[in-house]
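> Next come the chains, spelled out residue by residue.
There are 2 protein chains.
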Amino acid sequence: MTNTNTNTESTLKIIPLGGLHEIGKNTCIFEINDEIILLDAGLAFPSDEMHGINIVLPDMSYLRENTHKIKGMIVTHGHEDHIGGIPYHLKQFDIPVIYGPRLAMSLLEGKLQEAGVGERTELRKVLPREVVRIGKSFVVEFMRNTHSIADSFTVAIHTPVGLVIHTGDFKIDHTPVDGEYFDLHRLAEHGEQGVLCLISDSTNSEVPGFTPSERSVYPNLDRIIREAKGRVLVTTFASSVHRLNMLLEIAQKQGRVVSVVGRSMLNVIAQARTLGYIKCPDALFQPLHAVRHLPDEKVLILTTGSQGEPMSALTRISNCEHRDIKIRPGDTVVFSANPIPGNTIAVVNTIDRLMMQGANVVYGKDKGIHVSGHGCQEDQKLMIALTRPKFFLPVHGEHRMLVKHSQTAQSMGIPPENMVIIDNGNIVELSPEGIAIAGKVPSGIQLVDNSGIVHDNVMKERQQLAEDGVVTVAAAADGNGKLLAKPEVHLRGVVTPVDKALIQSLVQRRIETTLSDRWNEFARNFD
Amino acid sequence: MTNTNTNTESTLKIIPLGGLHEIGKNTCIFEINDEIILLDAGLAFPSDEMHGINIVLPDMSYLRENTHKIKGMIVTHGHEDHIGGIPYHLKQFDIPVIYGPRLAMSLLEGKLQEAGVGERTELRKVLPREVVRIGKSFVVEFMRNTHSIADSFTVAIHTPVGLVIHTGDFKIDHTPVDGEYFDLHRLAEHGEQGVLCLISDSTNSEVPGFTPSERSVYPNLDRIIREAKGRVLVTTFASSVHRLNMLLEIAQKQGRVVSVVGRSMLNVIAQARTLGYIKCPDALFQPLHAVRHLPDEKVLILTTGSQGEPMSALTRISNCEHRDIKIRPGDTVVFSANPIPGNTIAVVNTIDRLMMQGANVVYGKDKGIHVSGHGCQEDQKLMIALTRPKFFLPVHGEHRMLVKHSQTAQSMGIPPENMVIIDNGNIVELSPEGIAIAGKVPSGIQLVDNSGIVHDNVMKERQQLAEDGVVTVAAAADGNGKLLAKPEVHLRGVVTPVDKALIQSLVQRRIETTLSDRWNEFARNFD
Ligand SMILES: [Zn+2]
Ligand SMILES: [Zn+2]
Ligand SMILES: [Zn+2]
Ligand SMILES: [Zn+2]
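Protein chains in written order, with my numbering: chain C, 1 to 527; chain U, 1001 to 1527.
Looking at chain C on its own, in the form it has when it is part of the complex (with noise of 0.2 Å):
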């Protein structure tokens, strides 16, 4: 095994302050000796109660506290959920260094630079197998693995304490599309040689078997862009650079050029061209003004917006919105996603208003055009069959998804004491004989919009102001208590059983009733 330094303390402190009781905003610590390391930073998007709120953030009281103590970060892949976090956190404390694979890099290091943090780190590129050290206490070693991003990594943490191994996110694909395959040998030297704690990936952990593998999707996609007799539009998440991979060769077998709407897909797809992740000629790209003299089937448009969501090129062109696509009977509009819990009324909309233009739609669950990055349950058992870990902590998931794949690991052999259920801020200690849960630090949310960070009691008025309205009433008085003028009344979001005139005289006579009284008792009391 790697050295690290093994004297002073005897625990290892894991701390997650995201990613837990939901999908989302991905985010951990681990410290031990006065060291701190990060392993990942992501952001989760606001639910509906959250007016006006762009992003959510973890509270980072406890970073901030500790900022000394932070000697570097590792980041598993390239998601906004793992990474978006970051340039955030950068504006309140610096980190020294942060090790990530080169398709993860590059998009952020194109996110700090937006946000004129770019010198509060280093960014540095790893390879697969490569091995770091950071600060005294921490060697952290990158494995290839299979995600829906390209350049995805479960990472080994050798601390004086023992072998972590944190998976990231993955999906156990023996046919991914780039050909990079997920490196089970390593996992399996790890597992020979004893590891004493694995964190995974919860996510899928209620559905039964195995995730399909990515490329599961191309004969699907290929026929169903084979029979259409107009133009294609097909919408993904912005990060699949397999899935997007799959329809750039499906469009050049096809004979069709290729328009990107969206910033986000455009952004993803230039960072993986300049790496190599996704590899077609320059030709086969268009831009739209270029598409619109060709003949429609000669076109294949790849958009945002599988989400429904607001301001995405896809919602806007079903809405007539967008200024350069109006759908056209002959249209087939491809949904290669699913809509996550939370958005499906937004989808279905999406879907019906495209419908209602002419689009022929093409989306849901029986047409086998999309498939999770995450593995199922028989990919997380492979996943504890190879590392053999002493101790286990399920992470990534909403709570019944953690007790849930505790469950299979405890099917496995895994004793329920060597296993525990966390929330956000709990501090896992870890030592070679146990696990347990040691306190908790400052785990809350913090809300951002565009002015800034948000506080919880904005947000409360905000939501009163939702539901009631609000009422405005500018009155001036002599110094006698008598008005000089007729009270100005407005009103905002308020509903109006009478009409206005009234609910002015009310207001009115209800003023002058303090008035007067106050003055009375004013006068009353220099009697």
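Take these hints with a grain of salt, some might be off.
Derived DSSO-like pairs: lysine-lysine, alpha-carbon spacing no greater than 27 Å straight-line [to be verified]:
#1 C/Lys229 / U/Lys1404
#2 C/Lys125 / C/Lys279
#3 U/Lys1440 / C/Lys326
#4 C/Lys367 / U/Lys1367
#5 C/Lys404 / U/Lys1367
#6 U/Lys1365 / C/Lys404
#7 U/Lys1365 / C/Lys365
#8 U/Lys1365 / C/Lys381
#9 C/Lys482 / U/Lys1486
#10 U/Lys1365 / C/Lys367
#11 C/Lys326 / U/Lys1404
#12 C/Lys404 / U/Lys1229
#13 C/Lys365 / U/Lys1381
#14 C/Lys367 / C/Lys326
#15 U/Lys1482 / C/Lys486
#16 U/Lys1381 / C/Lys367
#17 U/Lys1500 / C/Lys460
#18 C/Lys500 / U/Lys1091
#19 C/Lys404 / U/Lys1326
#20 C/Lys482 / U/Lys1482
#21 U/Lys1486 / C/Lys486
If you anchor each label on the Cβ, the simulated ranges turn out as follows [claimed, not checked]:
#22 C/Lys69 / U/Asn1457: 49 to 57 Å
#23 U/Ala1115 / C/Thr514: 32 to 40 Å
#24 U/Leu1483 / C/Arg509: 23 to 31 Å
#25 U/Ala1290 / C/Glu49: 34 to 42 Å
#26 U/Asp1423 / C/Pro442: 48 to 56 Å
#27 U/Asn1520 / C/Thr513: 38 to 46 Å
Some but not every residue of chain U turned toward chain C, in silico, with C-beta under 8 Å [said to hold, decoys possible]:
#28 His1021
#29 Met1355
#30 Val1470
Think of the hints as simulated: they come from the structure by calculation, not from any bench. Backbone N, C-alpha and C fix where the C-beta goes; we use that ideal spot for every residue, glycine too.
Guided by the hints, dock chain U with the ligands onto chain C, whose structure is given.
Frame of chain C, contents of chain U with the ligands only:
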């Protein structure tokens, strides 16, 4: 065929005011020879962005303007999306008579009394195969069907242009829990004699196969409850009379007493027992305070909240906010209902909170503890096969469901020109020769909150308040345009990246500048 007035006009107008491009607020008008009958008048529940709204109704202005034509109403069954709007509409116009099944009429009677509009109409309970004449133009026959609520009807409406069959909500359940079979024989007889138009339920038109019988959930519920070591809480839709019947039978068989929690479920059970749709001994039911002293394995609690509704009993229990019920380890909570899209997050959050308190929660499609009350593609085909309609009108569904249902009908030989895909407010003109959309009546929505109907612009204002908050400034100036005091600034729901004193002074400076500019302008004009 029953004789109806065949003079004058030769087209029947069918005008749905709700229930299309949505699931909810089903409301349909049939009009001919200056006579109108209504079929159902439901409500819908607000979407997340409808702040402070309790229920959603269709715009009824067409009926308000044509009150004199209304001869009566028919009700197919007692679900809220079919009867929930009636008390509100009766405040705006009278309906001479309402015919419907006994359970729906009992539930409606309570609603009308509560709303104080019991005198505005006459409720008449009808039995299966009963035939009633409404006005000169309509003769309506009620036929038993099978659905998730007991006592549900498909109706045959004889009109001067021919026979129209409206399915109501249905599935085809050959083993109904209450032994009341679908009256397929009358349907077949009508099909043999000639059906001009079939108006049919599209809810599950995207789902292949047959909907399983309601009875199929019995063995699974029976086993889950038998295996539970402690208390059992079961949640389902309050109106699912068959499900409740099975649960009561299981409780009785296994020696558990039953406590019912939640106002709407108590109401449905009371009405259904009075009418004999639920049969069980009085002693089976016990109030909560009485079961508290019983052993846990002798208790079954039936509760509302299967959709994670914020104020429902189960949601309050999961939040530790229920006065009488606290979850303890050993409790089993069974979700005998699937989340309706849009409620998924509320439901899974409720499940998570119940689990965190130690409950064993049984949920999910793979458990066989819920089936739909609406027919899938094969049920829909059988309906078309038996009625053999000339024209086809899919209703009760979102746009893509209507499209899918029309494709099913086409696959059975009905030509595409013999069907129309309609939207709320469309006027469908039906004659023996054709079906077509001919114009539109007002078809917006009415939002109802605690104080009455909320207008659209109020909702926009509420949304804006929710996203931005509100700033109020109170300032007093003298006749020379000088401020008399420091202006008062109040912020609600506003993000303050700077501190409040700074804002105060910025506002003051701004007011002073504005006042002095105005004063100078004013003075100049009088120079
Ligand atoms: Zn993730
Ligand atoms: Zn991921
Ligand atoms: Zn219905
Ligand atoms: Zn119904």
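> Determine for every hint whether it applies to the structure shown.
Taking the hints in turn, this is what the structure says about them:
1. C/Lys229 / U/Lys1404: Holds - the C-alpha atoms of U/Lys1404 and C/Lys229 are around 20 Å apart, at most 27 Å.
2. C/Lys125 / C/Lys279: 20 Å, holds
3. U/Lys1440 / C/Lys326: 25 Å, holds
4. C/Lys367 / U/Lys1367: 24 Å, holds
5. C/Lys404 / U/Lys1367: 15 Å, holds
6. U/Lys1365 / C/Lys404: 16 Å, holds
7. U/Lys1365 / C/Lys365: 15 Å, holds
8. U/Lys1365 / C/Lys381: 23 Å, holds
9. C/Lys482 / U/Lys1486: 21 Å, holds
10. U/Lys1365 / C/Lys367: Holds. U/Lys1365 to C/Lys367 sits at ~20 Å (cutoff 27 Å).
11. C/Lys326 / U/Lys1404: Status holds; Cα separation ~24 Å.
12. C/Lys404 / U/Lys1229: Holds: C/Lys404 and U/Lys1229 sit about 20 Å apart, inside 27 Å.
13. C/Lys365 / U/Lys1381: 23 Å, holds
14. C/Lys367 / C/Lys326: 25 Å, holds
15. U/Lys1482 / C/Lys486: This hinted pair holds, its Cα atoms lying about 21 Å apart.
16. U/Lys1381 / C/Lys367: 22 Å, holds
17. U/Lys1500 / C/Lys460: 19 Å, holds
18. C/Lys500 / U/Lys1091: 23 Å, holds
19. C/Lys404 / U/Lys1326: Judged against 27 Å, a Cα distance of about 24 Å means the pair holds.
20. C/Lys482 / U/Lys1482: With a Cα-Cα distance of about 21 Å, the restraint between C/Lys482 and U/Lys1482 holds, given a limit of 27 Å.
21. U/Lys1486 / C/Lys486: The hint holds at about 22 Å.
22. C/Lys69 / U/Asn1457: 49 to 57 Å: 54 Å, holds
23. U/Ala1115 / C/Thr514: 32 to 40 Å: Between U/Ala1115 and C/Thr514, where Cβ atoms are some 36 Å apart, the hint holds.
24. U/Leu1483 / C/Arg509: 23 to 31 Å: Because 29 Å falls inside the window, the suggested range holds.
25. U/Ala1290 / C/Glu49: 34 to 42 Å: Holds, since U/Ala1290 and C/Glu49 (Cβ atoms, about 38 Å apart) stay within the stated range.
26. U/Asp1423 / C/Pro442: 48 to 56 Å: Given range 48 to 56 Å: holds, Cβ gap about 51 Å.
27. U/Asn1520 / C/Thr513: 38 to 46 Å: 39 Å, holds
28. His1021: This interface hint holds because 7 Å falls under the 8 Å limit.
29. Met1355: 6 Å, holds
30. Val1470: 5 Å, holds
Violated hints: none; the structure is consistent with every hint.
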